[in-house]
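Engineer: Each chain is listed here by its residues.
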Amino acid sequence: MITAPSTPRLTLRLGRFCYLALNVAVVVFLLAPIAIVFVFALNPTPYIQFPPVGVSLRWFEKFFASRDFMNALWLSLEVAAMTTIAATLFGASAALALARGGLPGSRVITAIMLSPLMLPAILTGLALFQSYVLLDVGRPLWGLVLGHTLVSIPYVVRTTLAVLQNFDTRLEEAARNLGAGPLRTYFEVTLPLTKPGVMAGAVFAFIVSFDQFPVSLFLVSPGRETLPITLFNYLKFDLDGTIGAASVVSILLAVLVVFGLDRTVGLRSYAKL
Amino acid sequence: MNAARAGITPIAWLIAPSALLFALFFFLPMGLMAMISLLTGNPVVQANVDFTTKYYRRILDDTYYFEVIWTTLRIGLLTTLAALLIGYPLAHLMARVRGRTAYAMLMMAVLTPMLTGIVVRTFAWMALLSDKGAINQALIGLGLISKPLPLMYNEFSIVLGLTHIYVPYMVLTLVGVIGRIDERLEHAAQNLGASPLRAFLEVTLPLSLPGILAGSLLVFALAISAYVTPILMGGFQIMTLPMLIYQQISSSFNVGFAAALGMVLLTISLVLVIAYNRILGLVSGQRDLQ
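Sequences listed follow chains A and B, in order.
Once you know that position 160 of the first sequence is 460 in the numbering used here, the rest is easy, because the numbers rise by one and skip nothing.
Once you know that position 27 of the second sequence is 58 in the numbering used here, the rest is easy, because the numbers rise by one and skip nothing.
One or more of the hints may lead you astray.
[Unchecked claim] Where chain A lies over chain B, by a calculated footprint (3+ residues, C-beta under 8 Å):
1. 62-68
2. 114-124
3. 297-304
[Unchecked claim] In silico DSSO-like links for lysine-lysine, alpha-carbon gap of 27 Å or less:
4. K163/B to K536/A
5. K362/A to K163/B
6. K362/A to K495/A
7. K85/B to K536/A
8. K163/B to K178/B
[Said to hold, decoys possible] The calculated label-pair distances, taken between Cβ atoms and stated as ranges, are:
9. V128/B to V437/A: 47 to 55 Å
10. D213/B to N466/A: 55 to 63 Å
11. R476/A to D81/B: 55 to 63 Å
12. R484/A to Q221/B: 29 to 37 Å
13. P482/A to N222/B: 48 to 56 Å
14. L312/A to L108/B: 29 to 37 Å
15. N466/A to V128/B: 20 to 28 Å
16. L180/B to L493/A: 53 to 61 Å
17. L556/A to D81/B: 24 to 32 Å
18. L556/A to N285/B: 41 to 49 Å
19. F58/B to L312/A: 52 to 60 Å
20. F559/A to E186/B: 48 to 56 Å
21. R105/B to R470/A: 49 to 57 Å
22. A306/B to F559/A: 45 to 53 Å
Worth flagging that the hints you see were computed from the coordinates, not collected in a lab.
We put the beta carbon where it would ideally sit given N, CA and C, even for glycine.
From just these sequences and the hints, can you work out the full model?
Structural biologist: Below you can see the structure in the form of C-alpha cells.
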C-alpha cells in the first residue's frame, strides 16, 4: 500500500534534498576548476577548446623543455626546501616554548606568531623589499627565503601547538617524577610525541613556500624568478596548455602532500584552527 | 594556566630565535615602512631627507584613491559573503557527518584546492570563464547562445575566483566551531516540536556566531590583500589597493607613496587581526567553560 506522505514529512525530505544538493554543488564548485586544468593540460590544441578534441602530452613536453620554467621550478624547490628547514626549526621550538615554557602572556605571543597568516603577505614582501633597498643589499636569495620563512612559521606553530595541546601531559609528569630533567623529558617524551605535528607543519611550510606569490613578488630578482611568478607573467599574455601542464605538476604535488598528511597525522586534526 | 603557575621553565628560551627573527625581519621592516611613508627620501644614501606628510595628503586629496580603497573593500565584502553562504552548509555537513571516510573525502575536497596555489586556480577560472573558455564554448556548442557571455574581466569574476580561493579557510574555521556545539541541543529542540530548520536557526546558528565572525574576518582580511586574482580576472581594468601598491614600486618606483598605501592596508588588516583574535579567544573561552 502506498500512502501519500504527509506535508511536514514532504518538507522534511525536500529540506534534506536541498541541503545535500547544495553541498554537492559546493564540492563541485571546489573541485571542477582543478579538473578543468587537467582537461586543458591534455588538450592538443594551442588554444583552449571545449569539449577537448584529443589527448596529448605536448604541453608537458613544452613545459619540461622550457628553460625558463625549469629554472623557475628548481629555484622554487630550492627556496621551499630551505624555507621548510628554517620554518620548522623556528616554528617548532617556538610552539614548544609557548605550550610548555610557562611564558607570561603566551596567548598574545601566539597571536603575534600567527599574525603573518592574516596580515597581507604582500606587505611582508613590500616591507622587506623596502628594508633591503634602504640597506642597499639588493635582492639576495636569503632575502627571499627569509620572507617565505616568516609566512610559513605560523603553519608550523599551529600544527605543533595543536598536537602539544592534545596529548596527555601526565606522560611528561611521569618522566619528571622518574628523575628526568626538563631537557631530557622534552627530548625523550615531548619531542617524539610532537613529531606528527612538526612533520605536518613542515609539509605545510613546503607547500606555502612552493606556492608563495605575494611575498616573492617584491623579493625575487629579475631573471631569477620562482615558478608562481613565472606562471603569472606567462598567464598575463598567453593562455595555452603549458600553464595547464605546469599546473598539473603543482596539483599532483599538492595531492601527494595531502595523502602524506593523512598518513602521518590524520586529516581530522586539521579541522582545528 | 597550570604551566603559568608553575613558573617559567628553561623551555621558554626556545621562543628566543623566533622572537628575534620576528623583531628584526617582521616588525622592524614594518616600522621602516611606516618611516619611509613619512620621509622625502632614503636617509641612508641621500642627504637632506626631511619629514613629510605629502604621501598621505595625496591619498586624502584624490578621490581616485578612495575609489580604489572602496573597490578593494567591496570585493572583500562580496567575497566574504559568498564564502559564508556556500561554506556554512559544507562546514555543517562536515561537522555532523558520521563516517570517517565521508569526512576524509570532504576534507580532501576542501584541502586539495587550498594546496593548489593561487596562480593555478586563477588560471583554472580563466580557462572556465574566458570567451573561448569551457563554459562559453559548451553553451555555444549546445546552441544556447551565439555570442560568448562576458563572464570574465569584471568584478563578478574577481569575486568568483577569490571565493574559490578563500572558501576553504571559511570552512575550516566553521567546522571546528560547529563541531563543538553539542548536537543534542538541536535534537532537544526537535523533540520539543521544532522543525529541523527551526532547530538549526534557533539553536545551532546562534551558537556558531563566533565562528561565522572569525571565518568572515579571516576571509575578508585575505581577500582585500589579494593580488593575482584581481589583476588576471579583472583584466587590468579594476584597480585594488595591493595592485596599486605594486604598481607604485614597479612602474614609478615611488617607494614613499607605496609605503603610505601599504600603511593604509596594514591599518585595515591590523584592526581585523585584533578583532579576529578577540573572537577566537571568545570561542576557545567557551570551550574552557564546558
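Engineer: With reference to the structure, classify each hint as holding or not holding.
Structural biologist: Evaluation of the provided hints:
1. 62-68: holds (count 3)
2. 114-124: holds (count 5)
3. 297-304: That given contact holds, which follows from 5 residues of the segment 297-304 of chain B lying within Cβ reach (below 8 Å) of chain A.
4. K163/B to K536/A: holds (16 Å)
5. K362/A to K163/B: Satisfied, since the Cα-Cα distance of roughly 22 Å is no more than 27 Å.
6. K362/A to K495/A: violated (40 Å)
7. K85/B to K536/A: Violated, at roughly 34 Å.
8. K163/B to K178/B: holds (10 Å)
9. V128/B to V437/A: 47 to 55 Å: holds (52 Å)
10. D213/B to N466/A: 55 to 63 Å: violated (20 Å)
11. R476/A to D81/B: 55 to 63 Å: Holds: the Cβ-Cβ distance is about 60 Å, inside 55 to 63 Å.
12. R484/A to Q221/B: 29 to 37 Å: Distance hint for R484/A, Q221/B is violated at roughly 54 Å.
13. P482/A to N222/B: 48 to 56 Å: holds (52 Å)
14. L312/A to L108/B: 29 to 37 Å: holds (35 Å)
15. N466/A to V128/B: 20 to 28 Å: holds (21 Å)
16. L180/B to L493/A: 53 to 61 Å: Check passed, 55 Å falls within 53 to 61 Å.
17. L556/A to D81/B: 24 to 32 Å: At 55 Å between Cβs, range violated.
18. L556/A to N285/B: 41 to 49 Å: holds (43 Å)
19. F58/B to L312/A: 52 to 60 Å: Holds - the Cβ-Cβ distance for F58/B and L312/A, about 55 Å, lies within 52 to 60 Å.
20. F559/A to E186/B: 48 to 56 Å: Once the Cβ atoms are compared, 37 Å apart, the range 48 to 56 Å for E186/B and F559/A is violated.
21. R105/B to R470/A: 49 to 57 Å: holds (52 Å)
22. A306/B to F559/A: 45 to 53 Å: The hinted range 45 to 53 Å is violated for A306/B and F559/A, with Cβ atoms some 36 Å apart.
The structure fails hints 6, 7, 10, 12, 17, 20 and 22 (numbered hints given earlier, in ascending order).
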